[in-house]
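**Student:** Full structure from sequences and hints, please.
Residue numbers (the working numbering), protein chains in the order written: chain A, 362 to 1056; chain B, -4 to 356.
Take these hints with a grain of salt, some might be off.
[As the list claims (entries may be wrong)] Pairs of lysine-lysine residues, derived as DSSO-like cross-links and limited to a Cα-Cα distance of at most 30 Å, are as follows:
1. K890/A to K838/A
2. K399/A to K614/A
3. K740/A to K1011/A
4. K477/A to K(-2)/B
5. K614/A to K984/A
6. K(-2)/B to K740/A
7. K(-2)/B to K743/A
8. K724/A to K740/A
9. K890/A to K719/A
Honestly, the hints are just simulated from the structure, not real lab data. Please read these numbers as outputs of a predicted model, since none were measured by experiment.
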Amino acid sequence: MTDTPWDPSMPILEIDQLSISFFTRMREIPAVMDFSCKVMPGEAMGLVGESGCGKSTVALGVMRDLGKNGRITGGSIRFKGRELTTMTEEQLRQLRGSEIAMIYQEPMASLNPAMKIGAQLIEVPMIHQGMGRAEAMALARQIVEDVRLPDPDRILQAFPHQLSGGQQQRIVIAMALMSKPALLILDEPTTALDVTVEAGIVDLVKDLGRKYGTSMLFISHNLGLILDVCDRLCVMYSGEAVETGNVAQVFDKMRHPYTQALFRSIPLPTAHKTSRPLVAIPGNFPLPHERPNGCNFGPRCDYFAEGRCDQADVRMSALPEDDRHASRCLRWSEIDWDAPLAKVVTKEKAAIGEVVLKMEDLKKYYSVSSGSFGGGDEKVVKANETLTFEARAGETLAIVGESGCGKSTFAKVLMGLETATSGSIRLFDENVQSTPIQQRNTDTVSSVQMVFQNPFDTLNPSMTVGRQIIRALEIFKQGSSDAERHARMLELMDLVKLPRAFADRMPRQLSGGQKQRVGIARAFAGGAKVVVADEPVSALDVSVQAAVTDLLMDIQRENGTTLLFISHDLSIVRYLSDRVMVMYLGHVVEMGTTDQVFQPPYHPYTEALLSAVPIADTRVIRKRIVLEGDIPSAMNPPPGCPFQTRCRWKDQVPNGLCDREMPPVRQLQGAHQIKCHLSDEILAGMEPVIKLAGE
Amino acid sequence: MLKFLIRRISVMIFTALVLTFVVFFLTNLPPNLEKLARSEGSVRMTDDAVASWIVENGHGGPLLGRYAEWLGLAPGWTLTDEKGVTRGRCIDVYAEAGSAPTFCGILQGNWGISTFAKEPVGDVLGRSLGATGWLMFWVMMVMVPASLVIGILSGMREGARTDRVLSVFSIASTATPEYVSGVILLAVFASVNAGLSPLLRDWGLLSDRTLFYGTATSAMDKITFWNFALPVMTIALYGIGYISRMTRASMTEVMTQQYIRTARLKGVRFRDVVLRHALRNALIAPFTVIMLQFPWLLNGVVITELLFNYKGFGWTLVQAAGNNDIDLLLGCSVVAVLVVLITQLISDIGYVFLNPRIRLA
Ligand SMILES: Nc1ncnc2c1ncn2[C@@H]1O[C@H](COP(=O)(O)OP(=O)(O)OP(=O)(O)O)[C@@H](O)[C@H]1O
Ligand code: SF4
Ligand code: SF4
Ligand SMILES: [Mg+2]
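**Tutor:** What follows is the structure, given as structure tokens:
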């Protein structure tokens, strides 16, 4: 091998003007253009940007694993001074896994389902260091311990499907660390995981990076996570790096309009909607082959200057007074970066009206049989336990909790897709509890509607958008003639702020955000009184999320709709809801107004949830509470308090009460209620999890 | 696992009963019985005589009862005629009227007498199954490794030249039915005046009349490469094409999985990526297919055995059907049903074994 000596003061990874294209039958798709970045030893470099901007392509380019149709078309990648772009397969093979390791988004898919965990781990040192089997196994055991997995011996003998998602991701990390690589590439390592699990993984990655002195390239679309993990960051837009610098500078002294717009479009749990309204980035992300002339961000940029920004390609220019801070904007020095937001009209909140929905002691149990060939014991999964609450007209009630806590079951019961096991649901005093949706009258059906998580699955791909909305109107018996329904459809298009011309488009011709708008239009077609939005924005890009969120709130304001907003994203919940209900394993553990829930006293689970949310604000000081272990299975919940297996306050409750007895629902001030045994004094002494520096 | 086995086996027995009953019903339709009466008795029997022959030889009475007799769950029929001679299902088989057992169906090992071979059905079946067993054995020996290797080689680098060449071969071979490929093979390798043999003879490389034997009858006594290769290839070719396509599809899919990329980016050699990471996952689907091929191969066996005049199971089946040999036909169907069901069971068990994600209660 051509080993040019490399001294540790040089960058580990140096990417210079890298361009990568994918070649399809139709055209060349330039996925990455003129991308440069440097990662120093021990440094963690973040790569942020919206979906499709080329983050993964950069990572795979470094690994030289671009598949059959991907090719590096220009530039260089140097790893420890050695040129990667011209290496032979054999040289690359020796580098991969030993010096550069990569971790991807979906842990389950990255582990071989037919091989034991141990066998997959020991492979790495056996290949690269020629280590013996027993020795490798001992090392694997130690690393599994390092990634804080319980019972390493059992885990080494397990198959991937026997572990939870979080455990699998830890194994993938362990695998990457087996030969102590100099560079670790993490491609959205936590996107598929719950926030509390994510917090644990992020902590682990940071600690291990420090312990082994590994440099990292950390890819994420979540600015908060980048702030948590990285020293430096690089913002990508449409295949280019638009701004790079150290994290503090880019967060507090951004010098590119896209970065600024990105920060303005994400909600922060520290700020209230009135003090810091969200500003969506107008327009859509250009496809790689439809990029505009000149600056790629031009068409969406507030500072666009005709005749300048749309001429030649814009180059990266260094900001002289800062530390390796650079921006790809012609006008960075002219823009007044501290100018306050153009006054956004703060809209009056609709008055909260009558109670429209009332649930009492609602329970939903599923009985499932274990064993894949039928038979086995019947087990009961308690998806929802005694839910009691009411929602009023014009109110937004958020339901938060991690996967499997019963949020979606609750939505299904309310929608009538499932019947409740017991309890009652009253809608305008009509008891709809056990009426399946086929038997509900159209009035009830049209007054409770749902917006789904994934806009891609819920639209009929072979029907125009307008037709689908008209179908919904027909089902809800709206309008008396076709002409009337057509007119109403156009009104709905206006309502969701889609151009009327889009009525003739097919769903595939729309972007994700636009599809979600169509979904919202359909939900409101019948003049819904209650809309259940199940993670309506989590599948969308940050810049689009803000627009869709605002849209929902606008419609609510106009129609006085009751919005049940199901989400795991506490930032957005803080931003738009009036009241919050926190669920854990089917139980409502805390409920109150948004301010009550976001401030102490907390339920211990809410506290942990809040502390796990990554916040993209350098001023925030967060107390880290990392929950140990995974969420217990709903099939066999722990005895006593459902949260007792992970609760850090448990020992403050005398006599091991938490292990034995289900805590009662307690009323605190106002309508704030908590399901916990903790005494009033301890609750009163709780400190806020999120604080602004200097507060 | 035990519970699973018990359940599977009881389902199997039930299916076997239903299927054999259907066959029993079809072979015992009145026209068949009349034909039997005329061929066993006399061709010129009156219709009345035929009817009484049928009753006197135990083919009368309710169908279900006769089915139970045949199974050996009901006592065999007996009949004492006016001369005082007692005949019966079991007595015909075991000479002495007095010492004959009451039950004598297939469960007691009594499969009846073949009217065509004039031998107990058990013997005929045993002999022909043995012959077919050898044929199948060699077919499997050729087919399974060949098709897996072809499938894996073409699937590991989709679209590469190896893939394209092998794919053409396997598509061509599945598209050719046995009676076509058999005839082609015969023409090319075993014809006195066509194909390779005359050429080789002209060059003095061949002293026999043909390169391979055109019939496999001699393989009944001693299997040699020259008398067996053609029938084996005839059956295997089709299967090779089919299974290798399956293996290829499954392999290409596995090769695009994330965990293969993980392995590659761990620095695993390409060879080991294929052998250690892809192979087992890629074999899950074809394994089932291979097992399900077994019963299907019976089909090819019939054609091939006829073509090569090899007196195996397929040949016997055709003779039994052609000669209205009810007992033999029934025996053949029992065997066929059992083969199908047992291979299915093995395929299920193997699937569970290969795929750790399926855990048994
Ligand atoms: N194999 C491929 N063939 C053709 N185009 C591709 C291929 N892989 C990626 N692309 C295109 O390259 C661009 C960059 O994709 P990439 O996967 O790098 O985005 P990303 O930033 O990682 O997005 P995400 O956040 O969704 O993971 C996209 O426009 C994508 O459609
Ligand atoms: S170059 Fe012009 S269009 Fe591009 S980001 Fe800067 S100001 Fe906006
Ligand atoms: S009841 Fe006990 S275990 Fe449950 S949340 Fe309260 S303190 Fe924790
Ligand atoms: Mg990606």
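**Student:** Check the structure against each numbered hint from earlier and tell me which ones fail, lowest number first.
**Tutor:** none
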